[in-house]
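Novice: In case you want the letters, here they are:
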Amino acid sequence: MVNVALVGTSELIRKQLKTWSRLKDVNVSGIVLTDNEQQSTSLHEYQERVVNSIADLLSLQLDIIDICVPFNERLPYVHDCLKEGIHVFCEVPFTEDEQEILSIVKKYEETGAILYTGNTRFSPEYVDANKHVTEGKIGKPGVIRLSSSAPHPGKGADIFLELGMPEFDWIIWTLGNVERVMAKHVKKKHPNGRLVEYGLITLRLEDQSFAHVELSWATNRTESSFELTGDKGMITYYSKDSQPISMELLSNDANDRLEEDYKDHWKLLQREAVMKSIVSRKPLLPKAEMSIGALQVALAAKKAAMSNQPVLLGRGDLT
Amino acid sequence: MKIGMISFAHMHAYSYAEHLKAHPDADFVAVWDEDSSRGRDVAEKYQCHYFDNLDEFFSEDIDAVIICSENAKHKEHVLKAASNQKHILCEKPIATEVADAVEMIQACERNNVILQVAYPVRFVPAIQQVKDMIQSGRIGEILAVNATNHGQMPGGWFVDKELSGGGSATDHIVHIMDLLRWILKDEVKNVYAEFDTRFYNIDVEDCGVVLIEMDTGVVVSIDPSWSRPKTFPTWGDVTMEIVGSEGKISVDAFKQHSLFYNDHEGKIQQQPWGEDMDKGLVEDFIECIRLGRRPSITGEDGLRTLEVVKAAYMSDQLKQAVNLERVLVNASK
Chain A
1 MVNVALVGTS ELIRKQLKTW SRLKDVNVSG IVLTDNEQQS TSLHEYQERV VNSIADLLSL
61 QLDIIDICVP FNERLPYVHD CLKEGIHVFC EVPFTEDEQE ILSIVKKYEE TGAILYTGNT
121 RFSPEYVDAN KHVTEGKIGK PGVIRLSSSA PHPGKGADIF LELGMPEFDW IIWTLGNVER
181 VMAKHVKKKH PNGRLVEYGL ITLRLEDQSF AHVELSWATN RTESSFELTG DKGMITYYSK
241 DSQPISMELL SNDANDRLEE DYKDHWKLLQ REAVMKSIVS RKPLLPKAEM SIGALQVALA
301 AKKAAMSNQP VLLGRGDLT
Chain B
1 MKIGMISFAH MHAYSYAEHL KAHPDADFVA VWDEDSSRGR DVAEKYQCHY FDNLDEFFSE
61 DIDAVIICSE NAKHKEHVLK AASNQKHILC EKPIATEVAD AVEMIQACER NNVILQVAYP
121 VRFVPAIQQV KDMIQSGRIG EILAVNATNH GQMPGGWFVD KELSGGGSAT DHIVHIMDLL
181 RWILKDEVKN VYAEFDTRFY NIDVEDCGVV LIEMDTGVVV SIDPSWSRPK TFPTWGDVTM
241 EIVGSEGKIS VDAFKQHSLF YNDHEGKIQQ QPWGEDMDKG LVEDFIECIR LGRRPSITGE
301 DGLRTLEVVK AAYMSDQLKQ AVNLERVLVN ASK
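Protein sequences appear in the order of chains A and B. Note that this note's numbering gives residue 10 to position 10 of the first sequence, counting from 1, and the numbers run on in steps of one. Note that this note's numbering gives residue 199 to position 199 of the second sequence, counting from 1, and the numbers run on in steps of one.
Simulated from the structure, these hints should not be mistaken for laboratory data. Treat the hints with care, as some may be off.
Result set (DSSO-like, lysine-lysine): computed pairs, CA atoms no more than 27 Å apart in a straight line [claimed, not checked]: (1) B:73 <-> B:45; (2) A:187 <-> B:230; (3) B:45 <-> A:189; (4) A:131 <-> B:267; (5) A:276 <-> A:106.
Remember, it's a predicted structure, so these values are computed and weren't measured experimentally.
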């Protein structure tokens with residue numbers, strides 16, 4: 001049995017509970033709400049597990065804490081949990097400082113606490129694509145196109161870090177280090193307060209292939225795609241064309257949302273892998289410090305978009 | 001109206017010829033081609049007169065010419081046609097050098113002949129509808145465009161820089177750039193581009209990435225790569241994701257197709273059933289002459305897209321974004 005606690009906003013915790021509840025041998029032992037305690041009623045059967053603070057969680061049986069807050073709030077919680085010797089699961093990014101990442105990992109090695117970070121390396125379509133490319137199925141890569149889109153998460157969010165880092169991480173994992181980054185970025189606030197944001201990033205890899213990344217917070221839908229071209233062929237994927245089930249109900253009042261959302265299935269696979277790592281005490285790749293490469297690309301993209309000139313990255317193995 | 005064709009070096013020439021033959025108000029009467037074997041085959045197929053001498057071709061009674069020669073020869077053929085008072089539809093890119101394009105435009109103005117550049121994608125109904133949607137404000141203020149004009153490597157003179165002026169960047173940036181200028185009524189402010197040869201053993205670039213900022217601040221990405229594999233079911237694509245403040249439009253200009261799983265030839269093929277854009281282009285050119293009106297796609301439209309290509313090559317050399325400086329055509333006279 002793996003004992004999980006969640007710390008964060010009620011909205012984000014509700015989403016993660018959906019995933020954790022589908023896993024066997026998981027016990028949700030405690031929840032700390034960082035927004036409004038009264039939101040606990042929205043957690044339904046879990047509302048009784050809400051406690052006041054992380055300190056209260058420590059008295060419970062606990063293996064891992066899932067940090068469920070916006071990215072600019074994550075770092076203190078990461079520290080608070082790791083220093084108590086408890087494993088942490090956290091989406092990237094949680095800091096814009098790559099040295100901070102290295103120091104966190106080093107600092108808590110002594111306590112035995114592991115920082116597990118979210119990424120696309122558990123999404124089956126991205127894992128499959130990585131395998132095909134690294135096994136040479138498309139030959140020498142030419143132009144790699146990736147796209148990720150989602151509804152705008154709100155003020156204070158960073159598109160290059162939050163939407164871009166998983167894409168940049170996959171590119172580094174699959175193709176190697178990035179040599180040069182160029183980017184364009186637009187952001188618009190509607191009079192009604194709605195935000196629209198969009199980024200176009202081009203990367204030149206050290207192997208001289210090209211990567212093109214489209215990041216969109218200008219939509220109501222969560223979608224992704226890739227097109228991987230090389231001198232021996234091409235592999236394509238479009239999430240909107242990959243849903244095995246569609247349903248239409250004729251009644252106007254009907255809810256035609258499917259119970260199983262295959263787009264989020266990879267989150268289940270990742271948490272399952274984390275659980276196995278905890279139980280077996282075996283390390284799980286990728287390690288947290290492997291997110292540094294993606295962070296560097298994201299920060300370079302921000303700089304390139306502001307300066308309207310490409311940014312060179314230093315060499316180093318960040319795979 | 002009597003139309004002659006100069007060269008069938010570009011594969012689009014065959015499509016233009018078909019539509020000329022079918023047009024009720026046009027006669028395809030003459031062809032000149034440097035490749036005499038090809039020229040004679042064309043003459044036989046379309047029942048017209050073949051000329052191996054360009055001066056003799058121009059002494060024929062023709063009102064207009066469609067020029068489909070190699071890119072580097074557009075200047076020679078346009079100048080010749082203009083001096084012989086023939087209206088001109090010239091394949092893209094207008095020329096391989098900006099100065100040549102300016103000279104061609106000025107020659108046509110001096111001789112009072114129409115110079116239209118062949119950008120047939122403007123005549124795809126879906127593209128025309130997207131233009132209307134954008135210009136009517138359906139998705140609000142336009143913020144960004146993510147565009148592709150992918151293709152298979154065409155081979156032949158397209159990969160001979162002396163004849164083509166360049167590889168996939170020369171071949172494909174111009175189509176998207178023309179659409180964006182036309183739809184957005186905007187010009188390019190700066191360009192960042194990188195190109196390379198990754199797919200084929202050829203001497204010109206076959207892939208790359210282009211990032212552009214327009215004068216109004218719209219950001220654009222163009223992928224002009226010859227990255228479609230040999231097994232791809234069609235020649236390529238023209239796609240645009242257009243992001244606005246109120247929504248987005250995705251357009252795939254050649255989406256209207258069926259798929260043919262061809263066991264006999266061992267391949268899957270797209271079978272397009274949408275309206276033929278080349279027909280729209282040829283009909284527009286003929287009507288333009290008939291009505292004596294300004295061409296839908298002018299020599300200056302061709303010049304502006306060529307300027308972007310040249311800026312992209314410079315950016316690739318410098319590995320820096322470059323500002324675009326537009327040539328004033330009238331001031332160059």
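Novice: Give a verdict on every hint.
Specialist: Structure-based check of all given hints:
At roughly 24 Å between alpha-carbon atoms, residue 73 of chain B and residue 45 of chain B fall within 27 Å of each other, so this suggested pair holds. In summary, the hint linking residue 187 of chain A to residue 230 of chain B is not supported, as the alpha carbons are separated by about 39 Å, beyond the 27 Å threshold. Restraint check for residue 45 of chain B and residue 189 of chain A: the C-alpha separation of about 60 Å exceeds 27 Å, so the hint is violated. This hinted pair checks out: residue 131 of chain A and residue 267 of chain B have alpha carbons roughly 26 Å apart, not beyond 27 Å.
Of the pairs offered as hints, the one joining residue 276 of chain A and residue 106 of chain A holds, with about 23 Å between alpha carbons and a cut-off of 27 Å not exceeded.
In summary, the numbered hints that this structure violates are 2 and 3.
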